[in-house]
Structure formats: C-alpha cells, structure tokens
Amino acid sequence: MIGRIARRTLGAVVTLACVYTLTFAMVIGVAGNPFQTGERNMPQEAEQALRARYHMDDNWAYFREYLAGVVRLDFGPAFTYADWTCNQIIAASLPVSATLGALAVVIAVLVGVPLGVVSAARKKTGMDQAVSFIVLTGVCVPTFVIGAALVTVFAVWLRWLPIGGWGTWRHLPLPALTLSLPIVAYVTRLVRAGMLDVLESDFIRTARAKGLPPRAVIWRHAFKPAFLPVLGYLGPAAAQAMTGSFVVEKVFGVPGLGQHFVNAALNRDPGLMMGAVLVFAALLIALNILVDVLYAWVDPRISSSL
Amino acid sequence: MIRNLLFVCGLTLLGILSLFARTSARPRADLVYVNPSGIHTLDPARMSWTQDFRVALNIWEGLTSWNPRTLEPIAGAAEFPPRISDDGLTYTFLIHPDARWSNGDPVTSGDFVRGWRRAIEPGTGTDYTFLITDNIEGTAEYARWRRQGVAVLAALRGLEGRLRLNEDQLRVLSDDDVWNAFPADLRAVVRHPAPDSAPAEWSRFADALLGAPLDWSTIAEAFHARHAAELADRFAQVGLYAEGERTLTVRLAKPCPFFLDLTAFPTLLPCHVSIEVLRERHAKSSLTKEGLVVYDPQWTKPNYRRNSYPGLVTNGPYRLVEWAFKRGARMEANPHHRDAAQLSCRSVEMREFENISASLMSYEVGDVDFLTDLNVPYDHEIARLARSGERPDFLPCPVSATFFLNFNCLRSRGDGTPNPFADARVRRAFSLAIDREGIVERCLARGDRVAYSFVPPGTIPGYWPPDGLRRDVSAAKKLMADAGFPDGAGLPPIELLCVGTDERIVQMLARQWEETLGASIELRVQESKTFAENKANHRFLIARANWYADYNDPTTFLDCLQSANGNNDSGFHHAGYDALLRRAAGERNPAERLRTLREAERLIVEEECPILPIFHYTQLIAVKPRVSGLYPNARLWFPFRYVTVTR
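Read top to bottom, the protein sequences are chains A and B. The number in this note's numbering is simply the position in the first sequence, starting from 1, with 2 added. The number in this note's numbering is simply the position in the second sequence, starting from 1, with 64 added.
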C-alpha cells in the first residue's frame, strides 16, 4: 500500500513537470504584452528592462528561473494586479473555491445517492421517471441559467439570501447549490446504473432468496459495489469543483479561483496562468490518488490488481 | 459503508460551517458602492484606471484638488492659489500647515518630490509619466537618461547570460555616450556599425559581442555603479525644489495653463517616507540589478508589516483600513486630516462585483447606495428611465471621452501591400459617408452625444472644437472617384479591427460604407490583448479606439496624433499638425493658444482625417435618493468627503 502511494506520488511529479512544460510553452507562445495594462502603449525601454528583470528574453532562462520559483511554491508577481503576488491571489481565492466545491460535492452525495438508489429500486415507475427528469435538467441546463434563476427566486423575490458576494454563511447556499446540480445529476446516474447492475447479480438473488428485507438487500449488500464507480467519478469532480467555476463565480460575485483561469489568460498574466493551472493539476492528481487509496480500502480485491 | 459516507459528509459540513462561525462582519459602512472591474493597483505612480483613481483621490490628496461639480482646481494639501511667476513658468506651493498623513506626520514638500519622482522612474512609473516629463523642467532629460541606463543594463545583463541581442538593444549600446564610456578593451575588440547600417551589419555586431572574450558581468557591474553614482546629480537638475518642510517650487519646461489641474491628478500625489524601508537595492545603490527603482509592491496594503513598515500611510480625507483581493476595500475617515471633523460620511465600502446586473439588483434591494459603471446590454432602457424622469436616481454623466476609429495612415500595410487610407481623400470620404446620428440614436440609444470632433464640445472653458464633417454621400463618392476608387472599384477588402463590445456599432458602419461607397468591409472581432497587439503594430486598416481626457485641455486629445507620440496608433505623420501643436505649446496668450489648437483639430477632423470620431460617451450612474453630494461630472470623479447619507 505504502509502496503504491509512493509510486503514484513519483508519477504525480512527472505529470506535474509535463503540465508545467506544456503550460509554459503555451504561455510564451501566445501573442500579447503582459506588461501593458491600460489603453496606452508602453515606452520600449521600460518594457525591455522589465522583460530582462523576469528573464523573458531568454526562454530557457525564463523556464529555469520560473521553475525554480515553482519548486519553492513561489509563482511570482501578478502583472495584472501589480500590488499582489500570484501566491497571495491563490491563497485568497483557493480556500473560497475549495469551500464551495466541498459543499457542492457533499450536497451531490447526500442528494444524488438516495435519488439514484430509489430510481434503481423502483425501476420504470413514476418515481424513476421523475428522477430521470431531474437528472436531465441538471445535466442539460447550463449553470448560468440555474444560478440566475436561484438568485431571482431566493435573493430578489423572497429576499432570504444575499444576491452575491462572500463573507458569511448566507453567501454559501445559492452558489453551492448551483455548482452541485450537474454533480448531483452525474452521481444519480452512476448510482442508478451501478445499482441496476448489482441488483441483477447472483449474490443479491441469494440474499433475496434468504428472505432478507429489500431495504437490507439494497443498503447493506448492493450499495457498496454500486457506489464504487461514483467514487471514481468524485475524485476529478471534486478537484474541478474545488478549483472554482468561472460561471458560478461570475453570477454570484464569488472571489474564487475559477475566474483567474479565464482572466489570467485574457490578461496574458504568465504567473497567474501557471499558478492556476498547476494548482488545479496538483489537486486533481492528489484527489485521484486519494480515490485509489479509498478504492483499495473499500474493496481489497482492487488493491492487488492496481 | 453508508455510515462512513454519512460521517465524512457530516464532518465536511461541520468544517465549513465552523469556518464561517468565526467571521464577524463589520457594521455596514455609511456609503456602499460597487466597483465592477476591481482595483488594478493602488500605487498612484502606476495607476491608469478611473476606478483606481476614484479610490486613490479619496485616500490621498494632491497639492490641489478638483471641484466635485465643475472640476475646476481648488485647494488641496497646499494653500490655494500658489504663487505663479509672471512668465507662468515657476509655481511656488505652500503646503497647508495642518496637512497631515494618516499616522499624524506633517505632509512635507519632500513627500511630493518623492511621489513625483516615482512617477517618472522606469520601474515605478508607467502610463502617466508624460504628465510630468512633458511639463516640468529637466524631467524629460532625466527620464530619457534613466531609460537609456536601464536599456543598456538590460542588454549587458543579456550578454552576461549569453543572450543574442536584438537590433533595438544593439542600437542602445551603440549610442556614442554609452559606447565611449565602456572600457577600452571592449571597444578594441568589437566595433559597432553606423546607425543606418543594414540588418546584416547589426547581426554581425551581435555575433561579435557574443564572441568577444570579455567579462560581461564586470562590465555590467561597472556600468551599474557609474549610473547609480550619477543618479543624485542628475535628479538635482530637475525643476523641483523642496525648500524647507513646506515650500515646493516647481519650474515648468513650457507654459502649462492647466498645471493646477494636473497637480490634483493621481500621478502627482505625494508619497510617505515610510515606503523607503521597502526599497529593493543592489550593490549598495538605491537601484535594482537591472537599474530600476523598485519597491515591494505590497506597500499599498494597510496591514503590511515587512521591515517594520507601518502599512499604507496616506494623506487624504479617508484612510484605507481594509483591502481584500477581489472582495473589496473599506475606507474610514482619516482622523488626522484637517477637515476630519466636517466629514459627514465617515466610512465607505467598495465592493468588487463583476456582474453589473447583480449589482443593479443589490442596488434595487438597498444593499448598495451607489453604482458607477452601468454598462449592461439593457443600458438604453436605463437611459430611457432616466430621461423620462421615472427614475430620478439614474443619472447620465456626459464624460469627456470620445469613441472613434483610427485609419491606418502608413504608406503600406503590415504585409507590404499598398494602403488605400494613406490617401487623405479616402479617409475623408469614409468620414463623410457615415450616419453618426443613426448609430447614436438607434444603435446605442443611451444618450451618448454625436461626435464631429475629437475634443468633446463644452467640456473645456474657452475652447469650442471645429464643426467637423457632416454626412455628405455625394461628396464622399466624388472623393473616392478622385482617389481612383469610383464606386469602390479597385478597393481592397477593408479590415476593421474591433473588440466584442463594439460589434453592433461596427456592423452598422460596415453596412453604411458598403451601401454608399461600395467598399467591402471585413470585421475582425478580437479579444482585447490580441487587438492591442495588432493595433500597436498597425496591422489593420481601420481600428476602433477610445480616448478619455486626462486633464481639462484640448492637448489631452490632440497630442495623441503628434508624429512622435507613443499613442499615435493611426501612424499619422503631418509636419503642419506637429508645427501647430508646437506653436500652441509655446504660446503665452491663452486665447491665442486655444485658437491655434482649434486650427490643429480642424486639420484632423475636417481635412486629413486620420481619425473618425463617432460619439462622446455618456455614462450612467445610480445614486440612492438618501445620498446627497455625489455630482455627475465629466471625469466620473466622486469625492466622498462631500457626501451626506440620511438613514
């Protein structure tokens, strides 16, 4: 087990190095001057001096120097926001996104699992169709529509919750719900499919034949194997949810990390682009390793096959 | 299994809630406003966004300030008016005896010199350096010498890292003053080509430098040491004299009738001495390794404490008490300000909220008192409500800013093909052929003013811009025929460069030109950075542009089209225009000066037409009726010290 985690961690370092190199190549390859902030053009000498300061004239030196910073977990200055470093920006926005993302995943599990189980247990009934409808809605309706609808109902008409912003628990429910709906839909679908599969299998028929009540059959025997695919999905989904969503952040004015993926690219801010991508990659890899470990814990047979 | 799952979920929920249990919100500020674009920087030397200016001018105070209604200069940190010499070139400011920083220190003349110097130093100064270098004696020479110094160092550091220099860098090294100061062994090994040499010569020079058996590190260090040693003497030649604690004498390079307007501008704000503990130093000098002046950019934070820095110290009616990235900032009355007792609005909260429609909803439910940038897809509806009087809290602000198009005036396009707009007749024809009223009234419908001139009429006292060109399709057709393009025959496809927000406007323009002149227009909608890059490199035939006045004088617009101006994106070079601007700059009689400027503007909007003005912006703001003392004005400048909020 320990050996496997060590192997996976080593693999993660290699993956991150590849991500760094590829992102770096794209960052230096794209046109646009990161130092120009307003409408005005910059004096040439000042730009040259700044490029020299950050080793931007020599791609190899830039690659090396920047990598040396990244290894020390220092992503350098943010050119678009001159008063902040990329580290400060990530430190200010990642916890926000992580909180929302974690909450969204919890909601997804708490809502998606029962829905999936119920619709599998009552296959082809009105209940199953109702759940399918919810799932389709969650998958098909874009988050900006759901978000705007939630704001209109709960913040503007009912005035129960604030329209947007960040700071108190009252800012949480609407964005977390919006963020969770697509995950709820996937979790429900995966649980339903897994459950239907498992319910056909021999050991369930045996359990039923023994005269176990349906509830015990489902929750004690069928649930565990049916949940495994969900676990595999939750790793990457959590990584994605916890690094923020540009749309949800824009609709609700949440100061999370998601906006920087888009804005840093639009502003050609090299540090922020690299920082955001590497944080996301690291989180994705970490959660995937965690999911693997959990797999092995839930089902020891997997441990030997991995 | 299910129990474990529930346990993990429960734990996560508890963790999240406990995070929020500890946060206690501050009481609501007296005034809450939304800044959709956020703060880009609070460093006055670097800032260039109106939204940043708005915060800066509330927490700092220049030598003068602006009247919130008329924008005329009024007293700031110095007594008003200052003493002005008869030739109009020497201004002597006496700083108010009660002017204080937010930590209680008296504001001194040295603080202003420090602030202004930061604005012209390469490294700290950026977009608005020219406000000082164009006007104050000796600053242009100083800035040029400094820029050359950092460019040389950048090149030497490049050679140190075995980097092949580009032609710009090689030219910097070949400047006589620079080259002759290098050690003799360098000059003995390589020889630089003459300025007009062919690219191959420069390429050989670059190779020779790389191949020369020289220790570039020592050469760079020696140059750095020499440059740093000269710094104080060079700056002493600048026309800024701090005499004692309270007197600041400024010597101008040329008469500047709007100088007291400039002294209120953020670039000319003072800077407290405490910043010096955050300076980056190399080899005991006050410069970095690259020869730049660099301070730890964290200095604008109210709670920054490195090197026992006290946190941001400012001298305005408010001080910054909180600034959270992408969340907002909070200002509270500065207890040491001389007018602190008269301040009715004691605290101001700025919220960063990108989604303007959501801000508008917050405003409607009363969470927010004041909105400034109502640029939403339905702004014409807001404008209608404001016009009809249904919503007296929506106010139009006619801004001193112009939306216009740049014609590429260079002889050929970037790819070497001939450029039809090099001919002024074609530019005039395109200007005559469009229906501006249609665009402003039917396409925008938000109360913008139709523009026939570059300078918005009625904003600058004593100046009335020329009439410009009205629509005259038959004259336009005749001009096109004269230029060799009858009914658009022979005209290449015209690429019109724009950004996403202008799409409706440019589509309407394209249709008008296609219908009237037979031109075929290719719209190139680009993302803003790509657009900026293409525009700066003249890779367009027509490009959208806008310009906001920086100070209350026609030159804030007209200077852009001077041949040597860094913002001359149309590539317009006209000796007569440059001569008129030069004559105006030297003119002592104000009325005669404005007449000369009007003549210059007539040249660009009626004859040469390097630009095509379309409209002058009107911005919409929303102010809750309980808030008084916020006045719509041409610069969207809202000082909170005059605000009263009744609850």
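Treat each hint with caution, since some may be false.
[What the hints assert, rightly or not] List time: in silico DSS-like cross-link candidates among lysine-lysine, alpha-carbon distance up to 30 Å:
1. B:K593 x A:K252
2. B:K542 x A:K252
3. B:K353 x B:K365
[To be verified] Facing chain A, a subset of chain B residues (Cβ under 8 Å, in silico):
4. L78
5. S82
6. R268
7. S338
8. L356
The hints are simulated quantities; they were obtained by calculation from the structure and are not laboratory data. Each residue gets a CB set at the ideal place from its N, CA and C atoms; glycine is no exception.
Now the hints, each set against the structure:
1. B:K593 x A:K252: Given pair B:K593, A:K252 holds - Cα atoms ~21 Å apart, limit 30 Å.
2. B:K542 x A:K252: 51 Å, violated
3. B:K353 x B:K365: Roughly 25 Å between the alpha carbons, so the hint for B:K353 and B:K365 holds.
4. L78: 11 Å, violated
5. S82: For B:S82, the interface hint is violated, since the closest Cβ of chain A sits about 10 Å away, which is over 8 Å.
6. R268: Nearest chain A Cβ about 20 Å off; hint violated.
7. S338: Violated: closest Cβ of chain A sits about 16 Å from B:S338, beyond 8 Å.
8. L356: 6 Å, holds
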